[in-house]
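S.K.: If you want the building blocks of each chain, they are given just below.
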Amino acid sequence: MAYEQVKVKTPLILRLLPVLSVLAFFGAWQMVVDREIVPSTMLASPIQIFQLFLVKWTEVNPDGALLSQHIWTSVQEAFAGYLLALLVGIPLGLAMGWFVVVEGLGRPIFEMIRPIPPVAWIPLVIFWFGIGISGKIFIIWIGGIVPCVINSYEGVRMTNPTLVQMARTYGATDWQIFKQICIPSALPMVFGALQIALALCWTNLVAAELLAADRGLGFLITMGRKLALPDMVLLGMIMIGLTGVVIGIIINYFEKKLLAGIRR
Amino acid sequence: MKDETHPGQTKIVCEDITKIFIQKGKQRVHVLDHISLDVKENEFVVILGPGQSGKSTLLRIIAGLETPTEGRVLLDGREVEGPGPDRGLVFQGYMLFAWKTVMGNVEMGPKLRGVPKNERREIAAHYIHLVGLDGFENHYPHQLSGGMKQRVGIARAYANNPQVMLLDEPFGQLDAQTRYFMEKETARIWETEKRTILFVTNNIDEAIYLADRIVTMVGKLPGRMDVVYNVDLPRPREHTDMAFLKLRHEITEASELTL
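Just so you know, the sequences run in chain order A and B. Using numbering that gives the first Met the number 0, you'd call the opening residue of the first sequence number 0 and step up by one each time. Using numbering that gives the first Met the number 0, you'd call the opening residue of the second sequence number 0 and step up by one each time.
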């Protein structure tokens, strides 16, 4: 006798729960503002924010740029800083993990810089670069480089010592062992760094823009505060969240594509 | 493939080797105690002993991965000062390069020595064929069974054309049936392309099946050499052969006394 395929169906009510919770959240929020339980100088309603969202696609004022320009500026800064962090951090971490000299020279300086929050660099960065794009790239870079170095370093350190010994019995040089064995061994850890660094870069970017910027999503929030426009502050916050999610999805997609070629 | 052989010529000499490890700066662990052993060219020597008898350490000293505290190892009359491609190693865990295919693993040694691509592909293909892995050249280690993985390990060691093969409990992780089969294969491979082999195991059957000579180690540290057995049974051997069983009995009895 054949068994019947048993399909476990999630009850409709359970599947509707997330929708309900979101609706309830926005409904309550809208009501709180409409009934003026919270004064409108402190909180804007979802509908007001959405209206501002539509307007900001074509209206430059009062903050001086279109919403798309703010987003584009932030994304550009984040990616430039991110790529620089990868380009410098990963080779540095890998080399520190294998070459004693590089570790001896690089480690103390890295350990000194590591505990300083990237935001603490902002005043210096304003002296050096002003409030243009390069200063923010620097802040993002110095924050993003930390997980790149640490993960690459640890990845090399975790190389199976027997594999290294075996390569030595084959007469391999230090450089060959580094290239042929340590780097491939470290790759999974390095890929982990890609995700961690990106999240960090996006967070640091917003912090940097809050303090030193003339354009970007963080700047939009600052302007909202200065002009006492809660809808603008909230629009900035929501756009930061949404853009972050979209970037995460894109990176995830590329990581999967990349790893598919390497996975064993 | 292999040039002329000189049966009877001494290949490896272990001269009075003692090894003491110093752990954490204080504790001394005496692992090997005055080991002297000569291995002839193309001889198959099995070092047989229970766990913790220092047999792997002896192999690692011959490989040049450890230095003896006292004594020395001579290979063709020259003192061993470090690892080199003249000694091929096969490890207990498979220790394959997980990111390389079977071909990539086997050609690694020649590649590191700068052998041109065509040539090393040819060498690798030859040994992949020797260990019976034709058709699996482009498979990754995770796609292979335990026995196949260790075949890759053997082919990889052979691909350097070493004069000496050092195998450290290579089949310890295999199930009993695969193990029997791999022992058969090892004997076949060795008969096809003779090398001087030092094979470490804790399995008496495996030792008798493979060895020209069995060197037993006593069952506790410091590791000392115990009895040496010459196994002159005809090959291929049978596990159920009377002479096989008689020797097995003899070794079992003797080793029980030393434990």
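These are calculated hints, taken from the structure and not from any lab test. From a predicted model like this one, the values you see are computed outputs, not experimental measurements. Fair warning: there could be bad hints in the mix.
To be verified - Below, a list of computed lysine-lysine pairs in the BS3-like style, where the Cα atoms sit at most 30 Å apart:
#1 Lys-256/A to Lys-148/B
#2 Lys-245/B to Lys-183/B
#3 Lys-116/B to Lys-219/B
#4 Lys-148/B to Lys-116/B
#5 Lys-148/B to Lys-178/A
#6 Lys-225/A to Lys-178/A
#7 Lys-219/B to Lys-245/B
#8 Lys-193/B to Lys-183/B
#9 Lys-148/B to Lys-255/A
#10 Lys-23/B to Lys-183/B
#11 Lys-193/B to Lys-245/B
#12 Lys-39/B to Lys-193/B
#13 Lys-116/B to Lys-256/A
#14 Lys-178/A to Lys-116/B
#15 Lys-245/B to Lys-39/B
S.K.: A separate judgement is required for each hint: does it hold in the structure or not?
M.R.: Comparing the hints with the structure gives:
1. For the suggested pair Lys-256/A and Lys-148/B, the alpha carbons sit about 28 Å apart, so the restraint of at most 30 Å is met.
2. For the hint linking Lys-245/B to Lys-183/B, the alpha-carbon distance of about 20 Å falls within 30 Å, and the restraint holds.
3. At most 30 Å may separate the alpha-carbon atoms for a hinted pair to count; Lys-116/B and Lys-219/B exceed this at roughly 47 Å.
4. For the suggested pair Lys-148/B and Lys-116/B, the alpha carbons sit about 23 Å apart, so the restraint of at most 30 Å is met.
5. The hinted pair formed by Lys-148/B and Lys-178/A meets the criterion: a straight-line CA distance of about 23 Å does not exceed 30 Å.
6. A C-alpha spacing of about 53 Å is found between Lys-225/A and Lys-178/A, which places the hinted pair above 30 Å, so the restraint is violated.
7. Only pairs whose Cα atoms come within 30 Å are accepted, and Lys-219/B paired with Lys-245/B is accepted, the gap being roughly 25 Å.
8. Taking the CA atoms of Lys-193/B and Lys-183/B, the gap is near 15 Å; set against the 30 Å cutoff, the hint holds.
9. Between Lys-148/B and Lys-255/A the CA atoms are separated by roughly 27 Å; this keeps the pair inside 30 Å, and the hint holds.
10. With a CA separation close to 43 Å, the supplied pair Lys-23/B and Lys-183/B exceeds the 30 Å bound.
11. At roughly 27 Å between alpha-carbon atoms, Lys-193/B and Lys-245/B fall within 30 Å of each other, so this suggested pair holds.
12. A hinted pair counts as satisfied when its Cα atoms are at most 30 Å apart, and Lys-39/B with Lys-193/B qualifies at roughly 12 Å.
13. Under the criterion of a C-alpha separation no larger than 30 Å, the hint pairing Lys-116/B with Lys-256/A is consistent with the structure, at around 29 Å.
14. Only pairs whose Cα atoms come within 30 Å are accepted, and Lys-178/A paired with Lys-116/B is accepted, the gap being roughly 18 Å.
15. Straight-line distance between C-alpha atoms of Lys-245/B and Lys-39/B comes to about 26 Å, which keeps the hinted pair within the 30 Å bound.
The structure is inconsistent with the numbered hints 3, 6, 10, although it conforms to all the rest.
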